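J.: Let the sequences and hints guide you as you build the complete structure.
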Amino acid sequence: MVSLLDLPGEIRNMIWDLCLVSPTGMISPLSRRDAYHSGVPGSCSYSGPFFYLQVEETKTHVERCQSTCRIEPNAPTISLSLPRTCRKIFKETNDIFWTKNTFVFRAPHELIYTFKSMGKYAQQRITSLRLCTTPRWGNQMKWLNKTMQLLISQRSSSSLRRLELLVDKESIIYQSEAKLLGSPPRLLPAHHTQTFIPCLQQARCLRNIEKNLYVTQTGNCPFTAAYPPESSLFKVVEETLWEIQEAWEGKLYWGSTILFENVTETCRRRLVMAPLM
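Numbering (numbering that gives the first Met the number 0), first residue to last: 0 to 276.
If you're looking for bench data, these hints aren't it; they were derived computationally from the structure. All values reported here derive from a predicted model rather than from experimental measurement. It is possible that some hints are incorrect.
[As the list claims (entries may be wrong)] List of simulated lysine-lysine pairs, BS3-like, C-alpha gap at most 30 Å: (1) LYS115 <-> LYS87; (2) LYS119 <-> LYS90; (3) LYS210 <-> LYS168; (4) LYS115 <-> LYS234; (5) LYS141 <-> LYS210; (6) LYS234 <-> LYS90; (7) LYS145 <-> LYS119; (8) LYS145 <-> LYS168; (9) LYS115 <-> LYS141; (10) LYS87 <-> LYS145; (11) LYS90 <-> LYS168; (12) LYS99 <-> LYS210; (13) LYS250 <-> LYS210; (14) LYS141 <-> LYS234; (15) LYS141 <-> LYS119; (16) LYS99 <-> LYS250; (17) LYS168 <-> LYS141; (18) LYS141 <-> LYS90; (19) LYS99 <-> LYS119; (20) LYS234 <-> LYS250; (21) LYS119 <-> LYS250; (22) LYS119 <-> LYS210; (23) LYS90 <-> LYS115; (24) LYS210 <-> LYS145; (25) LYS168 <-> LYS234; (26) LYS115 <-> LYS145; (27) LYS99 <-> LYS87; (28) LYS250 <-> LYS141; (29) LYS99 <-> LYS115; (30) LYS210 <-> LYS234.
T.: This is the structure:
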């Protein structure tokens, strides 16, 4: 009888990828506590693994629809039981999951808590991260600051090669309106966006990493359609985006439209209005 390990290496590698790599290339870790209370997966034993792994969608330029439940009970999941089968399979498969998937976190604090759960071995092998943040919400910037500090502290031993940051359009608008109107009252959401750029400046320490920042919106309306050049808000929003780009030092997108490329310091960054095809 032929066993799985007797198959040619090429076939085994195909099987490993089918089992351990998300079909969308995206993975959204789900804590054991959230999985238990939401019934994900169907067998909701509280003695399950520390976090389940949901398959995440690929789109970056469209805001996620708000639902009454953050977790979808019928969402497909990926199991990490295969690498635990035996030592040889562990040796062949263990790095595949961490290096071939992009890990998606819907808030900065989720990344910190999940990293603590998964341990240093997994943290050091992750190559791609996508982080969603809403600067206008409460203490999100405090958590984003902690997240950046965590990634910086691990850069010497980390395998991270790509970092994507998703920011909602409303937070950018609030920050722009704060400049236009002067210092806003502390109760306004704009107050929470003031520390966004200082948080981004920390990412400059992350060298040799592809950095992309997406301003998410409903639909895919180009920047010039949302804010025509003759509008009063155009210049101040454009100025805010320039400041974000200078702090981020990576690519900046408005939906799926690239606005800024990371170019040399001797070249002025320019706005590109045509959407990507």
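J.: For every hint, state whether the structure bears it out.
T.: Hint check:
The straight-line distance between the Cα atoms of LYS115 and LYS87 is roughly 27 Å, inside the 30 Å bound, and the hint therefore holds. Simply put, LYS119 and LYS90 have alpha-carbon atoms about 17 Å apart, close enough for the 30 Å limit, and the pair holds. With a C-alpha separation of about 19 Å, the suggested pair LYS210 and LYS168 falls inside the 30 Å cut-off, and the hint holds. With a C-alpha separation of about 42 Å, the suggested pairing of LYS115 with LYS234 is violated against the 30 Å cut-off.
A distance of roughly 21 Å separates the Cα atoms of LYS141 and LYS210; the hinted pair therefore holds under the 30 Å criterion. Note on LYS234 and LYS90: the hinted pairing is violated, with a Cα-Cα distance of about 55 Å set against a maximum of 30 Å. With a C-alpha separation of about 17 Å, the suggested pair LYS145 and LYS119 falls inside the 30 Å cut-off, and the hint holds. With a CA separation close to 22 Å, the supplied pair LYS145 and LYS168 stays within the 30 Å bound.
The hinted pair formed by LYS115 and LYS141 meets the criterion: a straight-line CA distance of about 18 Å does not exceed 30 Å. The hinted pair formed by LYS87 and LYS145 fails the criterion: a straight-line CA distance of about 38 Å is larger than 30 Å. This hinted pair does not check out: LYS90 and LYS168 have alpha carbons roughly 44 Å apart, beyond 30 Å. The hinted pair formed by LYS99 and LYS210 meets the criterion: a straight-line CA distance of about 17 Å does not exceed 30 Å.
Using a Cα cut-off of 30 Å, the hinted pair LYS250 and LYS210 holds, with the two alpha carbons roughly 6 Å apart. Taking the CA atoms of LYS141 and LYS234, the gap is near 28 Å; set against the 30 Å cutoff, the hint holds. Only pairs whose Cα atoms come within 30 Å are accepted, and LYS141 paired with LYS119 is accepted, the gap being roughly 23 Å. Our distance criterion of 30 Å between C-alpha atoms is met by LYS99 and LYS250, whose separation comes to about 22 Å.
Of the pairs offered as hints, the one joining LYS168 and LYS141 holds, with about 19 Å between alpha carbons and a cut-off of 30 Å not exceeded. Between LYS141 and LYS90, the direct Cα distance comes to roughly 39 Å. Violation of the 30 Å bound is thereby established for this hinted pair. Restraint check: the Cα-Cα separation between LYS99 and LYS119 comes to about 18 Å, which is no more than 30 Å; the hinted pair holds. Taken as a hint, the LYS234 and LYS250 pair is honoured in the structure, with Cα atoms around 20 Å apart against an allowance of 30 Å.
For the hint pairing LYS119 with LYS250, the CA-to-CA distance comes to about 29 Å; that is within 30 Å, so the pair holds. Pair hint LYS119 plus LYS210 holds up; C-alpha atoms about 23 Å apart against a cutoff of 30 Å. Pair hint LYS90 plus LYS115 holds up; C-alpha atoms about 23 Å apart against a cutoff of 30 Å. Restraint check for LYS210 and LYS145: the C-alpha separation of about 18 Å stays at or below 30 Å, so the hint holds.
Among the hinted pairs, LYS168 with LYS234 is consistent with the structure: their alpha-carbon atoms are about 16 Å apart, no more than 30 Å. Restraint check for LYS115 and LYS145: satisfied, since their Cα atoms lie roughly 13 Å apart, inside the 30 Å limit. A threshold of 30 Å between alpha carbons decides the hint, and for LYS99 with LYS87 the separation of about 20 Å falls inside it, so the pair holds. Taking the CA atoms of LYS250 and LYS141, the gap is about 23 Å. The hint holds against a cut of 30 Å.
Only pairs whose Cα atoms come within 30 Å are accepted, and LYS99 paired with LYS115 is accepted, the gap being roughly 21 Å. For the proposed pair LYS210 and LYS234, the alpha carbon gap of about 25 Å is at most 30 Å, so the pair holds.
Checked against the numbered hints given earlier, the structure breaks hints 4, 6, 10, 11 and 18 and satisfies all the rest.
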